[in-house]
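Undergrad: Sequence:
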Amino acid sequence: MEDFGAIIRRNRKLNGWTIKEFIKNLNFKISIPYVTKIEKYGEIPNPELIVDMAKALELNSAEMLNIARRSKVDQYKKQLDTKYDREGKQ
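21 is the number of the first residue of the sequence shown in the numbering used here; add one for each residue after it.
Note that these hints are calculated values from the structure, not bench results. Hints may be right or wrong, so weigh each one.
[Stated by the list, open to error] Calculated pairs, DSSO-like style, for lysine-lysine (alpha carbon to alpha carbon, straight line, at most 27 Å):
{"hint": "1", "residue 1": "Lys60", "residue 2": "Lys75"}
{"hint": "2", "residue 1": "Lys98", "residue 2": "Lys109"}
{"hint": "3", "residue 1": "Lys60", "residue 2": "Lys44"}
{"hint": "4", "residue 1": "Lys57", "residue 2": "Lys97"}
{"hint": "5", "residue 1": "Lys49", "residue 2": "Lys75"}
{"hint": "6", "residue 1": "Lys40", "residue 2": "Lys97"}
{"hint": "7", "residue 1": "Lys44", "residue 2": "Lys92"}
{"hint": "8", "residue 1": "Lys103", "residue 2": "Lys60"}
{"hint": "9", "residue 1": "Lys60", "residue 2": "Lys109"}
{"hint": "10", "residue 1": "Lys33", "residue 2": "Lys60"}
{"hint": "11", "residue 1": "Lys75", "residue 2": "Lys103"}
{"hint": "12", "residue 1": "Lys44", "residue 2": "Lys57"}
{"hint": "13", "residue 1": "Lys49", "residue 2": "Lys33"}
{"hint": "14", "residue 1": "Lys49", "residue 2": "Lys60"}
{"hint": "15", "residue 1": "Lys60", "residue 2": "Lys98"}
{"hint": "16", "residue 1": "Lys49", "residue 2": "Lys92"}
{"hint": "17", "residue 1": "Lys33", "residue 2": "Lys92"}
{"hint": "18", "residue 1": "Lys57", "residue 2": "Lys92"}
{"hint": "19", "residue 1": "Lys57", "residue 2": "Lys33"}
{"hint": "20", "residue 1": "Lys103", "residue 2": "Lys92"}
{"hint": "21", "residue 1": "Lys92", "residue 2": "Lys75"}
{"hint": "22", "residue 1": "Lys40", "residue 2": "Lys60"}
{"hint": "23", "residue 1": "Lys98", "residue 2": "Lys57"}
{"hint": "24", "residue 1": "Lys40", "residue 2": "Lys92"}
{"hint": "25", "residue 1": "Lys33", "residue 2": "Lys75"}
{"hint": "26", "residue 1": "Lys57", "residue 2": "Lys109"}
{"hint": "27", "residue 1": "Lys44", "residue 2": "Lys33"}
{"hint": "28", "residue 1": "Lys40", "residue 2": "Lys57"}
Let the hints inform the model, and build the full structure from the sequences given.
TA: Spelled out as C-alpha coordinates, the structure:
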(Lines of atoms letter the chains of each structure in order from A and count residues from 1; the text may use other names and numbers.)
(Lines give C-alpha, C1' and ligand atoms only; values in the text may rest on other atoms or scores of the structure.)
Protein backbone atom coordinates (compact mmCIF):
# COMPACT_ATOMS: atom_id res chain seq x y z
CA MET A 1 0.00 0.00 0.00
CA GLU A 2 1.21 3.52 -0.80
CA ASP A 3 2.50 5.67 2.00
CA PHE A 4 0.97 9.02 2.88
CA GLY A 5 3.49 11.18 1.03
CA ALA A 6 3.23 9.13 -2.17
CA ILE A 7 -0.55 9.51 -2.17
CA ILE A 8 -0.27 13.28 -1.69
CA ARG A 9 2.31 13.56 -4.50
CA ARG A 10 0.32 11.34 -6.91
CA ASN A 11 -2.95 13.21 -6.34
CA ARG A 12 -1.30 16.62 -6.50
CA LYS A 13 0.15 15.68 -9.89
CA LEU A 14 -3.19 14.24 -11.04
CA ASN A 15 -4.63 17.70 -10.40
CA GLY A 16 -1.82 19.14 -12.55
CA TRP A 17 -0.54 21.21 -9.62
CA THR A 18 3.01 22.19 -8.85
CA ILE A 19 3.86 22.22 -5.16
CA LYS A 20 3.38 25.99 -5.17
CA GLU A 21 -0.09 25.64 -6.73
CA PHE A 22 -0.98 22.92 -4.22
CA ILE A 23 -0.02 25.20 -1.32
CA LYS A 24 -2.30 27.93 -2.70
CA ASN A 25 -5.22 25.50 -2.39
CA LEU A 26 -4.57 24.91 1.32
CA ASN A 27 -5.89 26.91 4.26
CA PHE A 28 -2.60 26.36 6.11
CA LYS A 29 0.49 28.36 5.25
CA ILE A 30 3.28 25.86 4.63
CA SER A 31 6.50 26.01 2.65
CA ILE A 32 7.58 24.25 -0.52
CA PRO A 33 10.39 22.46 1.39
CA TYR A 34 7.85 21.16 3.91
CA VAL A 35 5.68 19.67 1.15
CA THR A 36 8.85 18.08 -0.27
CA LYS A 37 9.57 16.57 3.16
CA ILE A 38 6.06 15.10 3.19
CA GLU A 39 6.11 13.79 -0.37
CA LYS A 40 9.70 12.54 -0.62
CA TYR A 41 10.93 11.90 2.90
CA GLY A 42 7.87 10.62 4.74
CA GLU A 43 7.18 13.56 7.05
CA ILE A 44 3.71 13.16 8.56
CA PRO A 45 1.99 16.51 9.20
CA ASN A 46 -0.39 17.26 12.04
CA PRO A 47 -3.97 15.95 11.71
CA GLU A 48 -5.44 19.36 10.86
CA LEU A 49 -3.08 19.75 7.90
CA ILE A 50 -3.79 16.18 6.78
CA VAL A 51 -7.52 16.98 6.65
CA ASP A 52 -6.83 20.25 4.80
CA MET A 53 -4.66 18.46 2.23
CA ALA A 54 -7.28 15.74 1.77
CA LYS A 55 -10.00 18.32 1.16
CA ALA A 56 -7.86 20.24 -1.36
CA LEU A 57 -7.19 16.99 -3.23
CA GLU A 58 -10.82 15.79 -2.85
CA LEU A 59 -9.75 12.72 -0.89
CA ASN A 60 -11.50 11.10 2.05
CA SER A 61 -10.18 12.83 5.18
CA ALA A 62 -10.77 9.89 7.53
CA GLU A 63 -9.01 7.52 5.15
CA MET A 64 -6.05 9.90 4.80
CA LEU A 65 -5.77 10.20 8.58
CA ASN A 66 -5.67 6.40 8.82
CA ILE A 67 -3.04 6.16 6.07
CA ALA A 68 -0.94 8.84 7.80
CA ARG A 69 -1.23 6.97 11.11
CA ARG A 70 -0.19 3.70 9.48
CA SER A 71 2.72 5.41 7.71
CA LYS A 72 3.90 6.86 11.03
CA VAL A 73 3.64 3.50 12.80
CA ASP A 74 5.58 1.84 9.95
CA GLN A 75 8.32 4.48 10.32
CA TYR A 76 8.60 3.81 14.06
CA LYS A 77 8.68 0.06 13.51
CA LYS A 78 11.53 0.39 11.00
CA GLN A 79 13.47 2.62 13.41
CA LEU A 80 12.96 0.15 16.27
CA ASP A 81 13.88 -2.83 14.11
CA THR A 82 17.07 -1.09 12.99
CA LYS A 83 17.97 -0.12 16.55
CA TYR A 84 17.34 -3.54 18.06
CA ASP A 85 18.96 -5.41 15.16
CA ARG A 86 22.05 -3.22 15.55
CA GLU A 87 22.15 -3.73 19.34
CA GLY A 88 21.71 -7.49 18.94
CA LYS A 89 24.75 -7.71 16.70
CA GLN A 90 27.10 -6.07 19.20
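Undergrad: Are the hints correct? Go through all of them and say.
TA: Now the hints, each set against the structure:
no.: 1; hint: Lys60 / Lys75; in the structure: 21 Å, holds
no.: 2; hint: Lys98 / Lys109; in the structure: 17 Å, holds
no.: 3; hint: Lys60 / Lys44; in the structure: 20 Å, holds
no.: 4; hint: Lys57 / Lys97; in the structure: 20 Å, holds
no.: 5; hint: Lys49 / Lys75; in the structure: 15 Å, holds
no.: 6; hint: Lys40 / Lys97; in the structure: 32 Å, violated
no.: 7; hint: Lys44 / Lys92; in the structure: 26 Å, holds
no.: 8; hint: Lys103 / Lys60; in the structure: 23 Å, holds
no.: 9; hint: Lys60 / Lys109; in the structure: 31 Å, violated
no.: 10; hint: Lys33 / Lys60; in the structure: 14 Å, holds
no.: 11; hint: Lys75 / Lys103; in the structure: 37 Å, violated
no.: 12; hint: Lys44 / Lys57; in the structure: 17 Å, holds
no.: 13; hint: Lys49 / Lys33; in the structure: 20 Å, holds
no.: 14; hint: Lys49 / Lys60; in the structure: 19 Å, holds
no.: 15; hint: Lys60 / Lys98; in the structure: 17 Å, holds
no.: 16; hint: Lys49 / Lys92; in the structure: 23 Å, holds
no.: 17; hint: Lys33 / Lys92; in the structure: 23 Å, holds
no.: 18; hint: Lys57 / Lys92; in the structure: 14 Å, holds
no.: 19; hint: Lys57 / Lys33; in the structure: 16 Å, holds
no.: 20; hint: Lys103 / Lys92; in the structure: 17 Å, holds
no.: 21; hint: Lys92 / Lys75; in the structure: 21 Å, holds
no.: 22; hint: Lys40 / Lys60; in the structure: 16 Å, holds
no.: 23; hint: Lys98 / Lys57; in the structure: 18 Å, holds
no.: 24; hint: Lys40 / Lys92; in the structure: 25 Å, holds
no.: 25; hint: Lys33 / Lys75; in the structure: 15 Å, holds
no.: 26; hint: Lys57 / Lys109; in the structure: 32 Å, violated
no.: 27; hint: Lys44 / Lys33; in the structure: 14 Å, holds
no.: 28; hint: Lys40 / Lys57; in the structure: 14 Å, holds
The structure shown violates the earlier hints numbered 6, 9, 11 and 26.
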